[in-house]
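Student: The lines below spell out each chain.
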Amino acid sequence: MAALSSQFADLVEIKKQLTVIIALCRERGLMHSVKWASELAFALDPLPMNELPPPPPFTEEDAQDLDAYSLAKSFFDLKEYDRAAYFLRGCRSQKAYFLYMYSRYLSGEKKKDDETVDSLGPLEKGQVKNESLRELRVELSKKHKARELDGFGLYLYGVVLRKLDLLKEAIDVFVEATHCLPLHWGAWLELCNLVENKEMLKSMSFPDTWMKDFFLAHIYTEMQMIEEALQKYQSLINVGFSKSTYIISQIAVAYHNIRDIDKALSMFNELREQDPYRIENMDTFSNLLYVRTMKPELSYLAHNLCDIDKYRVETCCVIGNYYSLRSQHEKAALYFQRALKLNPRCLGAWTLMGHEYMEMKNTSAAIQAYRHAIEVNKRDYRAWYGLGQTYEILKMPFYCLYYYRRAHQLRPNDSRMLVALGECYEKLNQLVEATKCYWRAYSVGDVERMALVKLAKLHEQLNESDQAAQCYVIYIKEIFECGELMEQVELSTAFRYLGQYYFKNKQYDDASICAQRCCNYNDAREEGKSLLRQISQVRGQGETSSSDLSLPFIFGPLSAKNTPVRRMSPLNLSSVTP
Amino acid sequence: MASVHESLYFNPMMTNGVVHANVFGVKDWVTPYKITVLMLLDEMTISTSITLLDRRRLNKLILPLLQSPDMTLSQLIKTVEDSCPQLAYTVHLRLQLMADGELKDMEHFFDMLPSPFNETESEAHKTSVVGLFMRHMVLAYNKLSFSQVYKLYTALQQYYQSYERKDSPAAEPAEDTDMELTNTEELGGKMEKEELDLEPSDDEVSTRGPLSQKQAEYFLAQQAYLLKNDENKALDPAALQKELNNMLKFNPDFAEAHYLSYLNSMRVQDIFNSTDSLLHYFDRLILPGGDSKSNGDEGCGRSLRYAALNLAALHCRFGHYQQAELALQEAIRIAQESNDHVCLQHCLSWLYLLEQMKGSDSTLTEHAVKMAVHFCLPYLASLGIQSLVQQGAVGGKTANKLMDALKDTDLLHWKHSLSELIDISIAQKTAIWRMYGKSTMALQQAQVLLSMNSLEPVNLGVQQNNSEAFAVALCHLSELHAEQGLFAAASEILKHLRERFPPHSQHAKLWMLCDQKIQFDRAMNDGKYHMADSLVVGIAALSKTEGLYRKALVLKAQNQTTEAYKVLQRLLLYCEKIKGTEMTIRVMLSLAELHWSSSCHAVALPLLLRSLAVSREYHLQYLASECILHLAFSQLMLGIPEQALNILHMAIEPILAHGALLDKGRAMLLVAKCQIVTASSEPSKQQKTQALEVAVQNLEEAGTYFTKVDCKERVRDIYYLQARLYHSLGKTAERNKCAMLFRQHNQELPSQGVPLITRL
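Protein sequence lines, in the order shown, are assigned to chains A and B. Heads up, the first sequence is in numbering that gives the first Met the number 0, so the first residue is 0 and it goes up one at a time. Heads up, the second sequence is in numbering that gives the first Met the number 0, so the first residue is 0 and it goes up one at a time.
Keep in mind that the hints are not guaranteed to be accurate.
Cross-link-like lysine to any residue pairs, in silico, SDA-like; alpha carbons within 25 Å at most [what the hints assert, rightly or not]:
#: 1; chain 1: A; residue 1: Lys111; chain 2: B; residue 2: Gln268
#: 2; chain 1: A; residue 1: Lys476; chain 2: A; residue 2: Lys426
#: 3; chain 1: B; residue 1: Lys77; chain 2: B; residue 2: Glu42
#: 4; chain 1: A; residue 1: Lys78; chain 2: B; residue 2: Phe145
#: 5; chain 1: A; residue 1: Lys394; chain 2: B; residue 2: Cys315
#: 6; chain 1: B; residue 1: Lys241; chain 2: A; residue 2: Lys435
#: 7; chain 1: A; residue 1: Lys435; chain 2: B; residue 2: Ile270
#: 8; chain 1: A; residue 1: Lys377; chain 2: B; residue 2: Phe145
#: 9; chain 1: A; residue 1: Lys144; chain 2: A; residue 2: Glu130
#: 10; chain 1: B; residue 1: Lys730; chain 2: B; residue 2: Thr677
Everything labelled a hint here was simulated from the structure, so no lab data went into it.
Generate coordinates for the entire structure from the input sequences, incorporating the hints supplied.
Tutor: In structure tokens, the structure reads:
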């Protein structure tokens, strides 16, 4: 699974390639790719002077276009795209041609955004288009047919196609671009956004380079295939990228996605040590801090980020989280709104704002916020879950079923949705459905450890005492295995029920053990004692059994000694009963 | 890279976390189309040369022009030309001047526009539709920023130029060659093609143009109206959905569009999309609740209740009764908590409907109706009365009470002009008359419904509603025609039904069942049992009891007595359980016929008497006569023809008046048979001859009835009887003729069925 490309053996070569691509991308104004590549290059050991790769070959055409290119590049860097394009129009070299097309594209995009603000009415808003896209497409596809496009040109062609919603063609072109110029991270990243599922990924052929491993790891994270992603990243670290902040942040995000909070926190802390002025991904970090209610750390993070740049979406989200943790929900909502003003397509902020409104009991605003989140991304399970919760609070258990179901569809293995579903079914008195949900929640690994107790109680209600007992046994076992003794109330009910159950089934030994355990808890002590009395009474009537009662029971006999037989009994019984 | 520009995005104007759909505070804005309309209006006020007739036509044109989505200039000019060519030309000229001129021409136009504010003598009063439109436009124009004005002007130029280009086709080839010249590479041609491929989709968008909020609302209202009243005239589901998606893409907050999308998905029975749209709609709808702080929780809670109620309705439509019940319970609970009696009444009606659909017998109490009246819900009240009437009819209440109640509801309907309920009421009357066996009355009521003009304003070319009531009435009509042997007319009606209620629509099942029943009856009459058998499956799919019954009929006709008996017994039990009186009687009659075929006429008698009693109890006159017919036949077979003739007199009159042709024929045949038998016991020869001659006449009549409904077997048997009678009367010529006819028929038909003598 995690077998990496053999090219990783030669890190020096990789470093050289990175150095080259950084220069190439910089010349073409692809700053995000430059950033990514530089980050990686920084993680590797510096090259000695004589090992430095030679600058890219300088052709006759390049020389001719040099002046126009330099002028245009300066305009480009100053965001004067039309001006840049004007001075580049006659250039013949690949580099200048790319910059020419790219500035035209960016100019169109910029105008589109400006136009959106200035459009005539709300319904016209969506009609604003990047006017230059079609021209660009025609020109680029002509070049593409004539095979005159280099890797960067293909990338731009793909971007244009994607913007025109020609996704199939776009994917093909991006794949071609990766074959042509595997080192350009931008093309890979675009593919990450376009590939929808595993099957699609399998059906595509990629160049066999070390970049592919980065791509796969990234896309696994996107597709929530966290195990595979983590393996990939781990092996990348082992190969020698241990200092890469990119990899560390990705791992942290991956841990966050599977709710492994401790590991994610430690990764983020490491990340902040290495890159203290980093703002990217810090909203995820703040989510983790929020979940752990680590107030001082969150406060420190918020102030720190605010010092670095307060007009960033991430900063606003962090501050929002901070206020939320301090229960100042109005202020929190304000900051999430600010984040959305900075970028309305920021998914997390919509959802978080929904949560804030929920806290403020402003259900209608919460519903609106969640709906917006869903509009931005239909696959946002948190928003669906939030909608479900909202309606649950409004006491509409049937109505919220639909939302929970949607959330469950998106995260089939998340026990929280299943437990929520089960609770709704329970409220609707659909007990059989509810048992199914709880059982499934337990099977996929229950986070809150409540599913089993609920399941047991349901079985109690349904008069299926065997199944109920079985559930309690498993529950007790699990609790003791993990060594947490917090949910005492539920434990005592479990023991109480089991005691009665064994007593009824005339398994007096087991019953007395349970009764004794009951006595450890305040609320069940009386019952435990009375049960013990009853047992001894019954035993007194029958033949006196061995001195079972006097056997010392230390903590954990249930999980250790001769329990397997005992634990099997309800299991066996349940298989017999219809 | 992709994220670089996202920060430049449009600022959503938010208050309280809610993005407002209407950012600019105006519902309308200026488009080139609207400028042209403004010009048209201006011209109309200025020019004096328009004739009165033209002016009237133009006036009628104005409202659709203001409401409809933006048209292209050629469409617009064509529409105006139809009313007044001269005006169209002036408008064209003015637009040309403006488009070919400068920006200041447009500015000047808006400056010069007669303002309805200051001119009291102006034709357009400031609160009239036109006045409002003009004010809207001036306001919207004045609000435009510098760049927006320029954009509007370029849009206007494009608008005009696209018309010019279309208008002068000569210009186009020239342009093409121009393109060719620039594309020196040989790939050029291919590119062009691709470009052209792109063109139409682009064109479509630009011609339809973005809808303003008003236009969008109008579009939605229009489509919703059409969906309700004449589905075939509405856009087809795919096109409508595309339009809606388009609308929602540009303005996701436009909640009503979600609701229409829900209705549209219902049309194609798409549960996923319809649920999604419905919930989305209500999620959006909650917005006003949060908005109006004065109402506080009330507004929000209200939409919640109705959301749950609508969800129940949705599940009900899809036949998920358990889900529907859960949703309904929820709606009821929330409504109770907030003391919303109106909502509770709605819930109650649904609850009743749901129980009915699930097949359990629940009774809507009169109390509920009274409550509905109390809360001023005439719709619910009369719907309740109608349900009560239906219950009463099935439960054997007397006709005068039912009709009285219906009359009362009719009063209510006309008072509140609830045209939909009037339709239902008439359809119900049709059904009740039909159930009683008064086909003439049923026919009349059905005709009344069909020839009645709808109360709702006739617009959009919708003449009639496509409500369930119409479907029911039409089905009855076709069945009634088929009964009278007018199969061509019946199939004509069915064809109409098929057009009006296409197979995927909600009420299509009604005519499907009706169609199959008619076909089945014809096949049975014709003796084509295998064909009838193949139809049974289709009928059973639409109605379980009907299917079982027909299955038994086929089995009986094929002499598979044991199987038929089993099926009938099962059906009888089932019908008694669900209290399907009509079907119970029919089943009992069929059982009696089965007894006959095993010559147990005496056994059949108690069954027949019981069915007679039941049908009299429920006032099912027609079925009662049928029972009498059966009784008489049993008596005939038991050898008491005088008695049979006696009771036949009771039945023959209603049957001849209201009955189906087949039944008429059967009745006459039975009379003739009784007469023949009694004739043999007549003392004098002359009397005997007389009696036989009467019998021959009756046979003749029965024969004509049977021929009309294509009952070949029965016709053949009649010829046989006639031949025998003529023989005994000594009329050789007639005898020979009948004998020949009999032989002809006999050769055509396989003689496998039960001989006519031993069946009714």
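Student: Could you run down the list of hints and mark each one as holding or not?
Tutor: Outcome of the hint check:
For the proposed pair A/Lys111 and B/Gln268, the alpha carbon gap of about 39 Å is over 25 Å, so the pair is violated. Restraint check: the Cα-Cα separation between A/Lys476 and A/Lys426 comes to about 28 Å, which exceeds 25 Å; the hinted pair is violated. Straight-line distance between C-alpha atoms of B/Lys77 and B/Glu42 comes to about 17 Å, which keeps the hinted pair within the 25 Å bound. Distance restraint check for A/Lys78 and B/Phe145: the Cα-Cα separation of roughly 23 Å lies within the 25 Å cut-off, and the hinted pair is therefore satisfied.
Only pairs whose Cα atoms come within 25 Å are accepted, and A/Lys394 paired with B/Cys315 is accepted, the gap being roughly 22 Å. Annotation: proposed proximity of B/Lys241 to A/Lys435 is violated, straight-line Cα distance about 39 Å (limit 25 Å). Straight-line distance between C-alpha atoms of A/Lys435 and B/Ile270 comes to about 24 Å, which keeps the hinted pair within the 25 Å bound. Between the alpha carbons of A/Lys377 and B/Phe145 the distance comes to roughly 38 Å, so the proposed pair goes past 25 Å and is violated.
With a C-alpha separation of about 23 Å, the suggested pairing of A/Lys144 with A/Glu130 holds against the 25 Å cut-off. Between B/Lys730 and B/Thr677 the CA atoms are separated by roughly 21 Å; this keeps the pair inside 25 Å, and the hint holds.
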